[in-house]
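Using the sequences plus the hints, can you model the full thing?
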Amino acid sequence: MTFYELLLFVHIFSAILGMGPGFVMTNIATRATNMTELKHAYSIRSRLHTFVMVGGTLLLITGLWMGFIHPYLFTTGWFVVSLILYLIALAFGPFVLSPRSKPIKVLLKTHKGEDIPEEYDALAKKLFLYERIENGLFVIIIALMIWKPF
Numbered sequence: 000m001t002f003y004e005l006l007l008f009v010h011i012f013s014a015i016l017g018m019g020p021g022f023v024m025t026n027i028a029t030r031a032t033n034m035t036e037l038k039h040a041y042s043i044r045s046r047l048h049t050f051v052m053v054g055g056t057l058l059l060i061t062g063l064w065m066g067f068i069h070p071y072l073f074t075t076g077w078f079v080v081s082l083i084l085y086l087i088a089l090a091f092g093p094f095v096l097s098p099r100s101k102p103i104k105v106l107l108k109t110h111k112g113e114d115i116p117e118e119y120d121a122l123a124k125k126l127f128l129y130e131r132i133e134n135g136l137f138v139i140i141i142a143l144m145i146w147k148p149f
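Sequential numbering of the sequence shown, starting at 0, is according to numbering that gives the first Met the number 0.
Keep in mind that a hint or two might mislead.
Unchecked claim - In the SDA-like style, the derived pairs of lysine to any residue whose C-alpha atoms are separated by at most 20 Å in a straight line are:
no., residue 1, residue 2
1, K101, L122
2, K104, F91
3, K124, N33
4, K108, L122
Derived from the structure by calculation, the hints contain no laboratory data.
Computed from a predicted model, the values in this text were never measured in an experiment.
This is the structure we're talking about:
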C-alpha cells in the first residue's frame, strides 16, 4: 500500500465516521416528545458532534494532503468544487449552526417542566433547515467524489 492509498483509506473512513453521524443528528432531536427526551436527544447530538468534528478535520487534512501529493487534482473540477463546497459546509458550523443552536441550549437549561415549549419549535425549525442544507452539500460532495464528473 502506498502512502497515497493509506491517505485515501483514512479519507474514506473519516467520511464514514465524520459525515455519517451528521446525517442522523437532526432526526434524533425530532423524535422527542417531552423535555427529558429532548435534553437526552441534545446530549446524544453533542456526543455525535465529536465524531463529526474529528472526521471532518481528518477529511480536510487527508483531502488536501492527497491534493499536494498529486497536484493535478487541483486542476480537476470535481476536486475544486468539492473543496469549495466542503469549506462552505465547514463555515456553517460557527457562522450558521452555532448561533441557531445557542438559544436552544439556553432553553434546555432554563425551561421547567416536561412540556416542550412552543418557542423550541420555531428555534429548532430554523436550525434543522440549515442542518438539512449542510447535509445536502455533503451529499453533493460525496457524489462528486464518487463520480468525478468533470
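Hints, one by one, checked against the model:
The suggested pairing of K101 with L122 holds, with an alpha-carbon distance near 10 Å, which does not exceed 20 Å. For a cut-off of 20 Å, the pair hint linking K104 to F91 stands: about 18 Å separates their Cα positions. Using a Cα cut-off of 20 Å, the hinted pair K124 and N33 holds, with the two alpha carbons roughly 17 Å apart. Only pairs whose Cα atoms come within 20 Å are accepted, and K108 paired with L122 is accepted, the gap being roughly 15 Å.
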